[in-house]
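Chemist: We have chain A already, so just place chain B on it with the hints.
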Amino acid sequence: MTFNFNNVYVNNTATVVGPYEKEGPLANKFDKAYDDLYNGEKSWEKAEARLLEESVDILLKKSKKKKEEIDLVIAGDLLNQISSSCYGLEKFKIPCLGIYSACTTSTEGILLAATLIDDERIKNAIVSVSSHNMASEKQFRNPTEYGAPKPKTATFTSTGGASILLQSTKSKVKVESATIGKICNMDQTDPNNMGAAMAVAAADTIFTHLKDTKRNIEYYDLIITGDLGLYGKEILVEYMKSEYGLDIASRYNDSGVMLYNTERQKEVLAGGSGPACSPLVNYSYTIPLLEKGTLKRILIVATGALFSPTMVYQKEPILSISHAVSLESVK
Amino acid sequence: MEKKDYKKLVDKYKAKETRIQNAIIAFLTGGLVGALAEFLIQVYSYFLDISTSDASVFMIVTLIFVASLFTALGFFDKWVNFARCGLIIPITGFAHSMMSAGMEYKREGLIYGIGSNIFKLAGSVILYGVVSAWFFGTIRYLLFGGV
Chain A
1 MTFNFNNVYV NNTATVVGPY EKEGPLANKF DKAYDDLYNG EKSWEKAEAR
51 LLEESVDILL KKSKKKKEEI DLVIAGDLLN QISSSCYGLE KFKIPCLGIY
101 SACTTSTEGI LLAATLIDDE RIKNAIVSVS SHNMASEKQF RNPTEYGAPK
151 PKTATFTSTG GASILLQSTK SKVKVESATI GKICNMDQTD PNNMGAAMAV
201 AAADTIFTHL KDTKRNIEYY DLIITGDLGL YGKEILVEYM KSEYGLDIAS
251 RYNDSGVMLY NTERQKEVLA GGSGPACSPL VNYSYTIPLL EKGTLKRILI
301 VATGALFSPT MVYQKEPILS ISHAVSLESV K
Chain B
332 MEKKDYKKLV DKYKAKETRI QNAIIAFLTG GLVGALAEFL IQVYSYFLDI
382 STSDASVFMI VTLIFVASLF TALGFFDKWV NFARCGLIIP ITGFAHSMMS
432 AGMEYKREGL IYGIGSNIFK LAGSVILYGV VSAWFFGTIR YLLFGGV
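In order, the protein sequences belong to chains A and B.
According to our numbering, the first sequence holds residues 1 to 331 in order.
According to our numbering, the second sequence holds residues 332 to 478 in order.
Pulled out of the complex, with its shape left as it was, chain A reads as follows (with noise of 0.2 Å):
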């Protein structure tokens, strides 16, 4: 299912990260970064939610716009009950929608804002999402204190909070269509290889896209999953030319490989992931190429992977899904 969109813009966007991805080779774009995972509150869930609302403020402030100017806020994140969302934007008080996909909350937030947008039922929509490394690996895996070894094709839940404001009013970057991913299930089990489980979503959405909107692949200067990682990488890669015979590797990368630097930041393993991932890379840097216009068309297909431990535990396999978001740069 792909929609087109006439007239839906992004005004701002606005970052928020943790020491990890301060390290790492785009620390200097984001709006700001802290050295300390607790970012001044007491529980890695408060930090979270620190995160997500401190995104907001700055969006706010970069564009300019009071939080009564604001129509709508869509967000979710990884915790439970999407609890960081909900006590990140209590204090806004702007009406609000929250939303589970796991990591491609944000390109589905999008798709959803961009939709009421283009419908002219509202006139501008923020879409919030984070994560925090410590909380997920929490609420996941074991005590943060445990420091369980993992294998290499494990990845790391990147700590941040992201928001995007989207508007009917025309600007330099415009959301031109969104295509609405399917569940996927590969029978695979191994919640340290996520990226296998969710590479599979992400090509199943890429050729959907591509079909929908009778593209080819050069018809994108950039083409950005969320969070395969290094392994994942190479599996759509090779899953697309035997798949589909499409060979993508010229025009393809991968958030979660960008947000951090693999060679030299070994704890990460296989790269980022989590629903902050792709908006942290794709807000903080492809965004402001597509304003300069040093990029004229990209697609960002966020990936998520449906990933319940009690379910894993029942013997049940990882399911993925993955929602694109097509962005141009405008003259």
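Please keep in mind that the hints were generated in silico from the structure rather than gathered at the bench.
Idealized CB from N, CA, C, for every residue including glycine.
SDA-like mimics (lysine to any residue), calculated; alpha carbons at most 25 Å apart, straight line:
hint: 1; chain 1: A; residue 1: LYS62; chain 2: A; residue 2: CYS86
hint: 2; chain 1: B; residue 1: LYS339; chain 2: A; residue 2: ASP247
hint: 3; chain 1: A; residue 1: LYS152; chain 2: B; residue 2: LEU452
hint: 4; chain 1: A; residue 1: LYS152; chain 2: B; residue 2: LYS347
hint: 5; chain 1: B; residue 1: LYS339; chain 2: A; residue 2: GLN314
hint: 6; chain 1: A; residue 1: LYS241; chain 2: A; residue 2: PHE207
hint: 7; chain 1: A; residue 1: LYS46; chain 2: A; residue 2: TYR34
FRET-style restraints, in silico, Cβ to Cβ:
hint: 8; chain 1: B; residue 1: GLY454; chain 2: A; residue 2: SER43; range: 22 to 28 Å
hint: 9; chain 1: B; residue 1: GLN373; chain 2: A; residue 2: ASN80; range: 47 to 53 Å
hint: 10; chain 1: A; residue 1: GLY40; chain 2: B; residue 2: GLU333; range: 50 to 56 Å
hint: 11; chain 1: A; residue 1: MET1; chain 2: B; residue 2: ALA464; range: 55 to 61 Å
hint: 12; chain 1: B; residue 1: ILE422; chain 2: A; residue 2: LYS266; range: 26 to 32 Å
hint: 13; chain 1: B; residue 1: GLY454; chain 2: A; residue 2: GLU23; range: 33 to 39 Å
hint: 14; chain 1: A; residue 1: TYR244; chain 2: B; residue 2: LYS345; range: 19 to 25 Å
hint: 15; chain 1: A; residue 1: LYS64; chain 2: B; residue 2: GLY405; range: 41 to 47 Å
Modeler: Using the frame of chain A, we list chain B on its own:
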């Protein structure tokens, strides 16, 4: 693509784990912990003038205390990450698993936090430790009459 073909594709791009290297590191660090324990037993029994079985208890308490303290100081997880089973299998791993869970859940309070979560990792060890102790104790009783 069939699911089984996809599995093959995934396996093709799986990172090679340095299993032998990990095993050697675990063997050496585990051995080091064992040697340290033996040294402690000798020291306690010599200086405190107690039997070796009493000294063993002192040694276990010492190792548990040190592992818990190092976890609380925040660097034992890095050691575990390096030494892996070398530090997880000895009593140090048990202490570390309880201490790390206790630290993690202290913010949810004494009952719903620490109380209900401290055995999150160690619970399995205790349960199956007790079950296997009963099982092997029974075998021993049947074969040797409890001697």
